[in-house]
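Under the working numbering, think of the first position of the sequence shown as 1150, with each following residue one higher.
No lab work stands behind these hints, which were simulated from the structure alone.
Treat the numbers as computed from the prediction; the structure is a model and nothing was measured.
Take the hints with a grain of salt, since some may be wrong.
Pairwise CB distance ranges, derived in the manner of DEER restraints [unchecked claim]: (1) Arg-1165 x Arg-1233: 17 to 25 angstroms; (2) Phe-1160 x Gly-1197: 35 to 43 angstroms; (3) Trp-1153 x Asp-1199: 25 to 33 angstroms; (4) Arg-1166 x Glu-1242: 26 to 34 angstroms; (5) Arg-1233 x Val-1152: 29 to 37 angstroms; (6) Arg-1172 x Val-1152: 13 to 21 angstroms; (7) Arg-1233 x Ser-1176: 29 to 37 angstroms.
From the three backbone atoms N, C-alpha and C, an ideal C-beta is built for every residue, glycine too.
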Amino acid sequence: ARVWPCRLFAFAAPTRRALRALRDASSSWVEVGAGLGYWALAMENAFGIDVVALDKTPSTAGSSGDSPGGGDGDEGAMNEYHGRAASFVRVREGGPRDLRRHK
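Given the sequences, and given the hints that come with them, work out the whole structure.
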């Protein structure tokens, strides 16, 4: 059930117009299916939008150096969707059922 939406939507690139539309709709968001958090990073950097990023299987890899994810640099476990890639921002494990915790 997860494969087709990942293939259809996972490669969408944020544009200034899309980010402005999100900012105009709300100053805070919960992103479900955040993957590595690329959209969350863009939303935060472009307009200071507060984003809680959730994913069913977040990357467990830490970030190296001064990259945005802020991990500890470990390689983490292999992830079916993200390989060993580090996230751009903190992506928490969760999905639609977890939204109430992040209001």
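**Item:** Broken hints, by number
**Value:** Structure breaks hints 1, 2, 5, 6.
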